[in-house]
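Asker: Sequence:
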Amino acid sequence: MKHLSVYLAQALSIFTRPYVKRKQHKIRFQRASTLSAVLFFSTCFLMLSLVAPPFLGSLYAKAPALSPKALSYKEEGNRFFESGAFMKAIKAYTKAIKADPKYFEARYNRGIAWQKIALYYKAIVDFDKALEIRPGDTDTLYFRGRSFEATGQLKKALSDIQKAARKRHHRAKKYLTESKLKARILAQESKKKESAISVSNNLKKSPQRPTRIVNIKNRFGGKTTSTLFSKGDPLYEGEDGICKQINFYDASSTLIRSETFHHALFNAKNSRNKTITHLNNSGIATLVEHHLTGSKLGKVDLFYYTSDGKISRKETVTLSQYQEQFKGKG
1 MKHLSVYLAQ ALSIFTRPYV KRKQHKIRFQ RASTLSAVLF FSTCFLMLSL
51 VAPPFLGSLY AKAPALSPKA LSYKEEGNRF FESGAFMKAI KAYTKAIKAD
101 PKYFEARYNR GIAWQKIALY YKAIVDFDKA LEIRPGDTDT LYFRGRSFEA
151 TGQLKKALSD IQKAARKRHH RAKKYLTESK LKARILAQES KKKESAISVS
201 NNLKKSPQRP TRIVNIKNRF GGKTTSTLFS KGDPLYEGED GICKQINFYD
251 ASSTLIRSET FHHALFNAKN SRNKTITHLN NSGIATLVEH HLTGSKLGKV
301 DLFYYTSDGK ISRKETVTLS QYQEQFKGKG
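Each residue of the sequence shown is one higher than the one before, starting from 1 at the first, in the numbering used here.
Hints were generated in silico from the structure; no laboratory data involved. Note that beta-carbon positions come from the ideal geometry of N, C-alpha and C, so glycine has one too. Take the hints with a grain of salt, since some may be wrong.
[Said to hold, decoys possible] Derived CB-CB ranges, DEER-like: (1) Ser226 / Lys102: 41 to 49 Å; (2) Thr211 / Ile133: 46 to 54 Å; (3) Leu255 / Gly294: 28 to 36 Å.
Using the sequences provided together with the hints, build the complete structure.
Answerer: This is the structure:
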């Protein structure tokens, strides 16, 4: 050990002595004898191997094994994807995710498949989950950015693609130049500003809500009307962010069903894509359906009411359960 400590001291003195000179010449290492360098690094490795075997062992610990069923479903999804059968691929990836919810590749691949059929909001949800499993993955960041771009969320798109580019993702770096995202964001902000000025000028006027009859005789025996809400209207700008409402009347002109469509997808205003209200002949709601977005995309909150307007039951179902439950019903 005495000899080792002497060599270590010599090596350290050679490497630390000319610090100012290295800085002046922007050279990372000062010239030293090959023997001293070899001895220095050999000593460091020897000491590390003596004192830290448990630490080194933890670095090379095996990742948890994948479920064979999940792997099989993922491979099946890949085959469907390569043949262009994207919906079948999505179903296979979904089975893989159910078998192993932490399966990164299945989440990521399903996100890509959603992109292929232009369901970008669904792709974003899968990419979010994939990044929870593997934070900072450059491919996921890049493709989530492209999905944000497709849904008009240019700032989020730029943020994701820049993160990927900083980690030397070739496609992200190239796309930043070609897509001109920064210029498009500036143009988008300018348009929003002009729109805001226009809205403020029109606020003094009462909101225009054009209503037209879209069906003279619907399945309830009456007419169906469609009403549009525009910017500046309190209902459009409010918490529900209503952009359109379709009302179904029976033969006696009693409102039976109302479908409300919300514009505020994926923002803080609301978490709904659509609300459907079912009413009885007295105009009291018997059921209200909230079709959800965001992290609950593909689910429906159902609120059942009694005849006096009180909630009797609430449940959340998947879209497929909802479609089965309400098949053929008005």
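Asker: Now look at each hint and say whether the structure bears it out.
Answerer: Hint by hint, here is what the structure shows:
Checked against the given bound of 41 to 49 Å, the beta carbons of Ser226 and Lys102, roughly 45 Å apart, stay inside it. Judged by the Cβ atoms, the range 46 to 54 Å given for Thr211 and Ile133 holds: they are separated by roughly 48 Å. Checked against the given bound of 28 to 36 Å, the beta carbons of Leu255 and Gly294, roughly 29 Å apart, stay inside it.
In summary, the structure agrees with every hint in the numbered list given earlier.
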